[in-house]
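Student: For reference, the chains in residue letters:
Number of protein chains: 2
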Amino acid sequence: MNSAAREAIRTMFDGVRADGRAHLSPAEARLLCDAYGIPMPKDGLATTADEAVALAASFGYPVVLKIVAPQIVHKTDVGGVVAGLENAEEVAAAFSSIMDRARRHVPDAKISGVQVQQMAAPGLEVIVGAVTDGSFGKLVAFGMGGVLVEVLKDVTFRLAPVTEADAAEMLGSIRAAKLLDGIRGGPPADKAALVSIITAVGQAVSDFPEIAEMDLNPVFATEDGASAVDVRVAVDFAEREMPNRPPKDEIVRAMNRIMKPDAVAVIGASAEEGKIGNSVMRNLINGGYEGAIYPIHPKAETIEGIKAYKSVKDVPGEIDVAVFAIPAAFVPGALTECGEKGIPGAVLIPSGFAETGNIEGQRELQEIGRKYNIRLMGPNIYGFYYTHKNLCATFCTAYDVRGEVALSSQSGGIGMAIVGFSRSAGMGVSAIVGLGNKSDIDEDDLLTFFEQDENTQVIAQHFEDLKDGRGFAEVAKRVSKTKPIIALKAGRTSAGAKAASSHTGALAGDDKVYDDILRAAGVIRAYTLRDMLEFARGIPVLPTPTGENVVIITGAGGSGVLLSDACVDNGLELMKMPDDLDAAFRKFIPPFGAAGNPVDITGGEPPATYKATIQLALEDERIHSIILGYWHTIITPPMVFANLVVEIVEEMKAKGIEKPIVASLAGDVEVEEASEFLYRHGIPSYAYSTEIPVQVLGAKYRWARGAGLVR
Amino acid sequence: MNSAAREAIRTMFDGVRADGRAHLSPAEARLLCDAYGIPMPKDGLATTADEAVALAASFGYPVVLKIVAPQIVHKTDVGGVVAGLENAEEVAAAFSSIMDRARRHVPDAKISGVQVQQMAAPGLEVIVGAVTDGSFGKLVAFGMGGVLVEVLKDVTFRLAPVTEADAAEMLGSIRAAKLLDGIRGGPPADKAALVSIITAVGQAVSDFPEIAEMDLNPVFATEDGASAVDVRVAVDFAEREMPNRPPKDEIVRAMNRIMKPDAVAVIGASAEEGKIGNSVMRNLINGGYEGAIYPIHPKAETIEGIKAYKSVKDVPGEIDVAVFAIPAAFVPGALTECGEKGIPGAVLIPSGFAETGNIEGQRELQEIGRKYNIRLMGPNIYGFYYTHKNLCATFCTAYDVRGEVALSSQSGGIGMAIVGFSRSAGMGVSAIVGLGNKSDIDEDDLLTFFEQDENTQVIAQHFEDLKDGRGFAEVAKRVSKTKPIIALKAGRTSAGAKAASSHTGALAGDDKVYDDILRAAGVIRAYTLRDMLEFARGIPVLPTPTGENVVIITGAGGSGVLLSDACVDNGLELMKMPDDLDAAFRKFIPPFGAAGNPVDITGGEPPATYKATIQLALEDERIHSIILGYWHTIITPPMVFANLVVEIVEEMKAKGIEKPIVASLAGDVEVEEASEFLYRHGIPSYAYSTEIPVQVLGAKYRWARGAGLVR
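Protein chains in written order, with this note's numbering: chain A, 104 to 814; chain B, 104 to 814.
Since the hints were derived computationally from the structure, they do not count as laboratory data.
Treat the hints with caution; some may be incorrect.
Just so you know, same-sequence chains aren't split out, so a pair can sit in one copy or run between any two.
[Unchecked claim] Listed next, the in silico DSS-like pairs over lysine-lysine satisfying Cα-Cα at most 25 Å (straight line):
hint : residue 1 : residue 2
1    : K679      : K145
2    : K690      : K601
3    : K580      : K679
4    : K679      : K601
5    : K256      : K615
6    : K690      : K363
The shape of chain A in the complex, shown without the other chains (with noise of 0.2 Å):
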C-alpha cells in the first residue's frame, strides 16, 4: 500500500473514532477492503431507477437491488431486496417495487435510496477473519462459510499478520478442505485468491490494530477469483497494555544467574522441622548445591550448620537469587533489600497474593522488581529444580536424576506429580520449575533460558493460560526447530476454563485457538497430564526420525492390528512394503507369517526370528522407524526378547545406524522388567498398551516435522 492510500485510511479511522463510532460504515469496509486489495462485488446507491440501470449496466449482470435506509434493518422483510436482475427492464421494475413497499411497510422510513451490487459468481462459500484475543493479540481466521459449518465450526486460526505460506498452509487446516479441490468433479477454487485475501486479512489487522474484528462473510471463491460479499469491521480505539518483553539477552542473563545461581539467599531460612524455610535449606544442602547457601533469618547465627545473615544485605558476596520462605505481608520489605542487593532474581514461594484475591499485594512486588530489575518467578510456587547444578531451591521432596528435559507447570500440585512421575519412571530432567501467579517470569522466559542451556535438549510446559501467548507463539516457533516443546495446556474444556479462572484466574480463551497457534509455532500438545510425563520421558529418548516410513514387527498378530490403529490415529506413516524388502523378510518368518506392514513373525518363533527381522528393519535405508509387538512366550522370554533387541540396536549403533524404535510387549508380569530395560537402553517400552508407545514415537514425529527434520 501507497502512503496516500495509508494515509486515507488512518484519516478514515480517525473519523470513526471521533464519531465514536464501533463499526466502520459499508463504504468506510469498502475502502478499507480495497485499499488491501480484497475484491468485493462493485455497488452503487441509486435514487431514481435510470441511476439503477446505469449502475447495473456499469457492473454488469446479473445484480441485486436493496433498500438502504437506517430504520429498516431487516430489508427482506419488508420486501426490500430483489436479486438475480438480469436486465434493464427488470432493474427498473425492482427498483419501482422495492421503494413502494417500503413507503408502505415503513411509511416513516428515512429512504437513501437502492444499493445497487454486482452478484457474485456462485461459488464456494467460506469465510475470513480477524479478531482479537486477549492472550494472543490480533488473529486471522479462515473456514468454510454456509449453515454446516455454523453449527461444526469448521475454522483455523493464525496469529497475524499472516505469509502466503501461512495462509495456504491455514487452507489445507479445516476438516473440510477437500471441498476447496472442487464439488463433485466441479472446478477447485481458486487457492491463489483466498491466500491473497487471507494475507490482506491479517495485514489491515496488523497495520491497523484499531480494528478489533473483521468479518468477511460470505466469500465467493470461484476458480478464478474471490469476493467478499459482505464486510462487517468492528474498532476498538482503548490502548491495549503492552506485555513487558525484555530483549532476549537480557532474559538469557538474568535466567542463567537464577537457574544456575553460584550463590542462593533463602529468606526465612528456618531450623524447625517442618517449616517451608527449613525444608527448602535442607533440600539444597542435601540436595548437593556446591555453591554458597546464604540463610537469612532475623536472630539465628547458623541455620542448619551455614552462618546466617539477617539481611541479605548483610551478605558479604554478591547472590544470584533469593528464595523467599516467608509470610505474603514480609515480602516486599525483603525483596526492597535484594534489590538494593543487586540481585538479579527472586524466587517467591509464598502465597497469599493474586490467587487469594490480593491483587494488590502482587502488583507491589511486580513495582518492586520492575524498579530493581529483579525477575520474580512465582509467587505461590514450589520453587525449582535444576539438577545439572544439584540445586533443589523448593520445600518439596528433593529431585536429583539428571537429564535433558526440563518441565515446568502453573500449579503445585501438577509440579509434585511431575516429580513423582520421575522418580518412579527414572526419568532425567534438567529442570522443574513452579511458576504459579506469573507476576513476572513465565513460559517464554523458560523457553528462552532452555533454549541456550546446553543441559536442556526437550522442554515440557503445563499451564492454564498464556498471559502473553503471542510472545510465547514466537518464542516458541524458534526454539521448536531446535529443542520439541511439549505443552500441557489445562483449561481446554468450558468446565476446565471455569474451574482455571478460579483456580489462577486463567483466561478461558479459544481452545481451538490454542490448537492452531501451538501446532502453528511446532509446539507438540498433550492432552492430558499422563501424555505429557510420557511424552516428556519418551521424546529425548528416541532419536530423530529422518523419513516418514514406519515399519512394524511383531510375534503377536493381534498386538499389529492394535498397533496398526494407532499409527493411524497418532499420524504415522505404515511404509508400503517393497516386494523385495518383503522378500527379504518373508525369508526369515515362517510360511503362514504375514509380511507386508506389520511384518507378523508370528507368536512361537525364536529370538533369531526377531533378532534377523529386526537387524534387517534396521539396516534397510528405505525404513525410518519401527515398532515392536513382543509376545510373551517360553521359546522367548521377555528378557530374552529384551537383550537382543538391545544388543542388535547397541551393534548397529556402532556401525552409526540409529532410528527411533518402541516398543509394546503382550505377557505375564515378567514383560515388566523388560520394558523398563529397554526403555533405560533407549527404546521407549510399554507393557499392556499397545498405544502408548505409538503415542510416544508419534509426538516425536510431530516434533520432527515441524522443525524440518523429516523428508
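Model the placement of chain B on the given structure of chain A, informed by the hints.
Tutor: Same frame as chain A, but now just chain B:
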C-alpha cells in the same frame, strides 16, 4: 401394508429377478416407496406439450421437466433438464426446447418423452438409506445431505428394522443434529416425517432382503413434511448364508458344561516339560482344579501322576470338555472320538487351520462339531481360565485371582496381556477366554453364558471382527441391561483393518457402523487396549451411579482444572452447586479456597478438611458421584489421605450410603502405594493421572445410562 400391496411388491421383485437386473427402475422404486408410505414428489411421463401441461397442473407448480431417453445419461449436458417452471406457458415452452435440444444433440436417441416432476419445497437436505453389511446384515443410515457432509461423513447407522424411538434417536446422533432444529432461526425440520421415512426404509429392507441398498438422496425436510426426491434401489437375489444361532437354552447348557466342567480330558497330555500338553496338565493340577482330569495319550500309563487313557472313548465317566494339545492333522480324528463319547465341548488350542490358510481343515472341524453337537472353542487359541472352578485350561501361565470380570480375546498376544495386566494390578477375574479363529463359539456365545453366570458381573471382549455382528448386537442389547459389556474392536482404522485381515482374515467393516451399533446395544467401547483393561478393572469396583451430578473435591487446584477437562471429555456433568450446598462446603475450606465445583480445599489443609468435605459430598443426596484430587503434603501425607478416605467411605456404607468415587493422586512416589490401597478398597485411584480415573467413571456412566439406571 396390506397383503395385496405386499404381493404387488413381491411380484415386482420377481420381475426384476427374472430380468436379471441389479437395480429397480424409477417406476419400481416409486412403487416400493408408495407401498411403504415414503413421500416422493409426484411425477409422470409426457409425450406431448399438452400432456406435460396437464400433468403439471394436476401436481401443482413449480415443476421440473427432464428428458427420458436411455441413450441420454447426462441429461443436463444436452439441456435436457429445465427446473422452476411456474405456469402452463413455461411448461409448454420447456417441453419443446427440451425435445428440440435432445433431437439435435443425440440424433439417434430413442426418446420416451419428458418426465414432469413436482419440485420439492426447498428445505433441509438429508439422506436416508439402507445397506447390507457382511456382519450386521441390513442397516439403516441417516445423515445430512449436501456436499459438506459428503466430505465430513456425518452419518449414523442402526440395525434394520428400527423402531420410531430408534429413528428419533438417530436424528439426534449426527454431529450436525442442531440443523434439524432450524437454520439461522428458521423453522425446524419435520422430525416426525423423517422418523416415518427412516422406519419405512428399515421395514422395507427387512421385509424384502433382496434389497441390497436403498439410497434416498436427497430427502428434503421442511417444516411440515419430508420428501425423497431421488430414490435408488439396488437388489441382490443371492442367498445369504444364515449364521448358526442355536437356541439360548442350548447355548447355556453347553457353555455351562464347558466353562464349569466336572471332568476335563486333555488330548495330547504330555509328561515332557515345554510341551503344550504338559503345560495344560500342570496348569490344571497346579491351578487347583478339583474335577476329574483325564490325560489322553497313545502310550503313557500316567501323566503328572494321573492315570492316562488311549482315547476319550476309554474313559469310564462322563467328560464335559476336551482340551486339545495335538498337531492340527490329528485333531479331526480325536474330535470325532469326542463326538462318539458325547463330549459337548472342545477347546482347540492347535494352530494350523484358517489362520495359516487351511480353510478346508477348519471346515472339517466345523462339520464334525455340527454332526456330534460339539461346541468348538478356537482353533488357534491359548485356551481359557475359569477362576471360580480353579480352572486353567491353557498352556499359558496360571491365573487364579477370583473376581467378577470375564475377559476374552480373539488373539493370543492380547490374552497374555490380559493375564499380565490382571496379575500386575491384582485384578480379580471370573474368566479369560481365547476365541482365536472362532470356528464356532464366538463373542455372543460367551455373552449368553456370562449373562447367567453368577460369578460374572462385567464382560470385556477384544475382537477383530464379529462373524455375526447382528447376533452379537441382539444379545449384547439384552445382556448390557444387567451386566456392563466392554468391547475393544481392533482394526478400527484402514491400516488396522488391513492388518486384521492378514492376521485373522477379519472383514474390514466400516468402523462407524461398529461404533453406532455397539453404542445402540449398550456396549461400552474401549478404543485402546489399556482402556479396555482399566475399564475391566474399574467398572466392577465402582457402585452404579444413580444420577448425573458429579462433584470434584481437590486439594490441588491444578488437578481440579485437569479433572474438569476430563469430565467434559468423558461426558460427565459437573453439578451446578446449589447455594446451600456451596455454603456448606465453604464452612470447611479456607476463605481463599474455591467452592463451586471443583471444591478446591487448597493444598495446605489437614486430613480433617478432606474428611469433612468428602463426608458432606457422600451425605448430600443431590450429589451422585465424587472425583477426588489429592495433593501430597506434609500435613496430609498420601497414606493418611488414603486411610481417611477408606474410613469415611466405610462409615457411610454402614449407613447405607454408597456412591462411585474415583481419585487422582499428585505427589511423590508414595502416592502409588496410596492409590493401590484406595483401589483395593473400592476407589479406582491413579497416581500422576488426572484423566484415567475420570475415564473409568465415565465408562461406568455410559453403561449405567444405557441400562436406564441413571435418573
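Student: Hint by hint, note whether the structure agrees.
Tutor: The hints, checked one at a time:
In the homo-oligomer, the alpha carbons of K679 and K145 never lie at most 25 Å apart, since the shortest distance is 52 Å inside one protomer and 52 Å across protomers. When the C-alpha separation of K690 and K601 is checked against a cutoff of 25 Å, the pair qualifies only between copies, where the shortest distance is 22 Å, while the shortest distance within a copy is 59 Å. Taking the shortest alpha-carbon separations for K580 and K679, neither the intra-copy value of 33 Å nor the inter-copy value of 40 Å comes in at or below 25 Å. In this homomeric assembly, K679 and K601 come within 25 Å of each other (Cα to Cα) only across copies, at 12 Å, whereas the closest approach inside a single copy is 46 Å.
In this assembly of identical chains, K256 and K615 lie within 25 Å of each other by CA distance both inside one copy and across copies; the values are 10 Å within and 21 Å between. When the C-alpha separation of K690 and K363 is checked against a cutoff of 25 Å, the pair qualifies neither within a copy, at 56 Å, nor between copies, at 44 Å.
The structure fails hints 1, 3, 6 (numbered hints given earlier, in ascending order).
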